[in-house]
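Engineer: Given the structure of chain A, go ahead and fit chain B with the ligands onto it with the hints provided.
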Amino acid sequence: MNAIEVKNLKKSFGSFQAVKGVDIIAQQGEILSLLGPNGAGKSTTISMLSGLIAPSDGDAFIMGYSVTDQPKSAKEKLGVVPQDIALYPDLSARENLLFWGKMYDLRGSDLKQRVDEVLEMIGLTERQKDRVGKFSGGMKRRVNIAAALMHKPDVVIMDEPTVGIDPQSRRHILDNVKELNRQGMTVLYTTHYMEEAAELSDHIAIMDQGKIIAFGTHDELIKMVGEQTRIDLTFNAEVEAIIPAWKEIEGVSGIDASDGKVTALVDDSNQALPRLLEVAAQGGVRILSVDIKEPNLESVFLHLTGRALRD
Amino acid sequence: MKILDLVLKDLRQMLYDKNSALFLVAMPIVFTFFMGYAYRSGESSAADPRIPLAWVEEKSPAEMSNMLYTHLADMDSLVITRMELDDAQNALQRGKVDGILVIPAEFDQKVLENQNPQLTLIADTTTATGQSIYQLLRMPISQLMSSFEIGRMSVESLNDPNEFMPTVNLAWEKWASHNLDSIVRVEQAVGQQEESWYGDNPYNQASPGIIVQFAIIGLVTSGQVLMQERKTRTLQRLMTTTMRPWQIIAGHMLAMFAIVFLQTTLMIIFGQFVLNVNYLRVPLGTFLIAISLGLWVASMGLLIGTLAKSDNQVVLYAMLAMFVFSALGGTWFPLEGAGGAFASIGKLLPASWAMIGLQNILIRGLSLSSLWQPVAILLVYALGFFILAVWRFRKVEM
Ligand SMILES: Nc1ncnc2c1ncn2[C@@H]1O[C@H](COP(=O)(O)OP(=O)(O)OP(=O)(O)O)[C@@H](O)[C@H]1O
Ligand SMILES: [Mg+2]
Numbered sequence: 000m001n002a003i004e005v006k007n008l009k010k011s012f013g014s015f016q017a018v019k020g021v022d023i024i025a026q027q028g029e030i031l032s033l034l035g036p037n038g039a040g041k042s043t044t045i046s047m048l049s050g051l052i053a054p055s056d057g058d059a060f061i062m063g064y065s066v067t068d069q070p071k072s073a074k075e076k077l078g079v080v081p082q083d084i085a086l087y088p089d090l091s092a093r094e095n096l097l098f099w100g101k102m103y104d105l106r107g108s109d110l111k112q113r114v115d116e117v118l119e120m121i122g123l124t125e126r127q128k129d130r131v132g133k134f135s136g137g138m139k140r141r142v143n144i145a146a147a148l149m150h151k152p153d154v155v156i157m158d159e160p161t162v163g164i165d166p167q168s169r170r171h172i173l174d175n176v177k178e179l180n181r182q183g184m185t186v187l188y189t190t191h192y193m194e195e196a197a198e199l200s201d202h203i204a205i206m207d208q209g210k211i212i213a214f215g216t217h218d219e220l221i222k223m224v225g226e227q228t229r230i231d232l233t234f235n236a237e238v239e240a241i242i243p244a245w246k247e248i249e250g251v252s253g254i255d256a257s258d259g260k261v262t263a264l265v266d267d268s269n270q271a272l273p274r275l276l277e278v279a280a281q282g283g284v285r286i287l288s289v290d291i292k293e294p295n296l297e298s299v300f301l302h303l304t305g306r307a308l309r310d
Numbered sequence: 000m001k002i003l004d005l006v007l008k009d010l011r012q013m014l015y016d017k018n019s020a021l022f023l024v025a026m027p028i029v030f031t032f033f034m035g036y037a038y039r040s041g042e043s044s045a046a047d048p049r050i051p052l053a054w055v056e057e058k059s060p061a062e063m064s065n066m067l068y069t070h071l072a073d074m075d076s077l078v079i080t081r082m083e084l085d086d087a088q089n090a091l092q093r094g095k096v097d098g099i100l101v102i103p104a105e106f107d108q109k110v111l112e113n114q115n116p117q118l119t120l121i122a123d124t125t126t127a128t129g130q131s132i133y134q135l136l137r138m139p140i141s142q143l144m145s146s147f148e149i150g151r152m153s154v155e156s157l158n159d160p161n162e163f164m165p166t167v168n169l170a171w172e173k174w175a176s177h178n179l180d181s182i183v184r185v186e187q188a189v190g191q192q193e194e195s196w197y198g199d200n201p202y203n204q205a206s207p208g209i210i211v212q213f214a215i216i217g218l219v220t221s222g223q224v225l226m227q228e229r230k231t232r233t234l235q236r237l238m239t240t241t242m243r244p245w246q247i248i249a250g251h252m253l254a255m256f257a258i259v260f261l262q263t264t265l266m267i268i269f270g271q272f273v274l275n276v277n278y279l280r281v282p283l284g285t286f287l288i289a290i291s292l293g294l295w296v297a298s299m300g301l302l303i304g305t306l307a308k309s310d311n312q313v314v315l316y317a318m319l320a321m322f323v324f325s326a327l328g329g330t331w332f333p334l335e336g337a338g339g340a341f342a343s344i345g346k347l348l349p350a351s352w353a354m355i356g357l358q359n360i361l362i363r364g365l366s367l368s369s370l371w372q373p374v375a376i377l378l379v380y381a382l383g384f385f386i387l388a389v390w391r392f393r394k395v396e397m
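Residue numbers (numbering that gives the first Met the number 0), protein chains in the order written: chain A, 0 to 310; chain B, 0 to 397.
Hints may contain errors.
As the list claims (entries may be wrong) - When the alpha-carbon atoms are kept at most 27 Å apart in a straight line, the in silico BS3-like pairs for lysine-lysine are as follows: (1) A:K76 <-> A:K177; (2) B:K230 <-> A:K133; (3) B:K1 <-> A:K111.
Stated by the list, open to error - Just some of the chain A residues that point at chain B, by a computed CB distance under 10 Å: (4) P81; (5) I84; (6) F98; (7) W99.
These aren't lab readings, by the way, just hints derived from the structure by calculation. Quantities reported herein were computed from a predicted structural model and do not represent experimental measurements. Ideal Cβ placement from N, Cα and C applies to all residues, glycine included.
Isolated chain A (complex conformation):
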């Protein structure tokens, strides 16, 4: 059984179609990233998965339960981390978690123990008595995530959980996501940061203008573009004479040089770069700078849409 199965999901707001027939499958125990620019329809899709808005068409299944026909069972299996921080600012972190635990039918010592566990995980045990309203953005984000984990759901959906926070909190959250995944949770991770999708995901779905435009593992997506690593080099002198020797190197498929600037397209920069430098040294020129451009999801998005992922 798939943890998440989305079938031809559509949503229109009036005449505007925000989600135009989306299909996604997440296997149990994997991290699936939903990557897309602002307004792609990520949050709308997630709202339908979590039962907040009714789909105009299609259906989605959480651990086999239809979100339209068996919403209660589907919701029991699901933890949702909303894009906006949804906590009570005038209650403490602990009070918030206790409350959300109760909303998932946790009681008594089970509840207290789970609050302790979750606080420990997000690293806020010390600050649990403080009002959430006084927390920094990053701390709020962490509590926001914790509240969705109280009932140990099989599936967690996170909608841009790292928006607008400091690098340290972001690191903490990414590590938490990996830890949750190790514990067996299936994670649907929504983001418009390609680095996060690349680091976390088993599979990535790229969404744009209400549609999934690409789906696969990170490597599969990169291969779709078929782009090689580009290495830009600058030298202190003319390098015309060395070009033939560079072209001899295995795995180098193109060399373009003018003045002291060279652009090389290579299959694997780890192997090609030392050889390129070695040949340059033999040719008697000094290297001034090196810039390696690995193909990334950004290039994939650019390749597929002709637009940049980030504005």
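Structural biologist: Chain B with the ligands in isolation, oriented as in the chain A frame:
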């Protein structure tokens, strides 16, 4: 169970709000004292409830007319002043006195000669006050006349003219002692209606008025909890849990009801034991009014919490509701005194029915059966506001 958790969460938020203690407890108590004081001092500076009567004697005072004068001057419901006829007529014209009693010149003589002494009352008997004077004077005057009659009878039977005054005095005293109670009772029954609309305790108006008014003002804090729930997106999060929408609405409604009911109960206890406002005369009645008032105000709070987009809007709507319902609904002053379109609009509003219910208990001295109508009307209003709030809530949030 989860509904209860939601209620407790809401109540916790209200109690953490520093304004709550102010709006829910401190201000209503201060205002009750303030209003009670205002009614009372308004009362003392208002016109003397006693009826002013001019006493005109066409000749200088004589023994027998003096007996009547002394008696009338002792009566609680009259203020009697000796005047010349011209001045008295002038005073009557300007409303300084409500009547003139004219004692004829030969009063003593006519009494002794067994002629009709013919007292004259000048008063507008088409008015209630004129009627009252007539009723008030009739009894003592006929008693005085009968005392003279008894005096003459004893003179005749004993054939001793000296027996006249002692017998008259004896009879007069007997009349006075015998009838004092019934005379006094009549006087007070007349006097009380004129006297004040709140009975013998100014807090009979102030305390229930403030209860109704501050139940609505309390929405300033309780309405914010629901508004915050929507604004902070926790409502959305609640809907991703296994809570059903109706449970969410019921929880918020119940929390608001609980806080209004708690506040009302507190104010009733305060009224009963500190201000001697006798809510517990009909305990079940007071309880039913508190419940139905709470349900109406809570459903209105649900609507406010659903409509408002910010703290300021909650305050605005709550204050608007307070002014419309409290002022028009007779919580500041009784609608009977307002009259006209104002009173008839006010009579339609739920606040006035809460007031009518409470004052049936406190002022009118009525029984439980007088409360069914106010309670039923409050409940109908509660249902109306509830339906409106739920309709609005579903439209905006689901
Ligand atoms: N309730 C709504 N009514 C009308 N239009 C809506 C509504 N919700 C979303 N939209 C529109 O649908 C489109 C998709 O919005 P959505 O929030 O799903 O995007 P997103 O991918 O989550 O973007 P972001 O990265 O900014 O969160 C947007 O154009 C948005 O304006
Ligand atoms: Mg979004």
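Engineer: Failing hints, ascending?
Structural biologist: none
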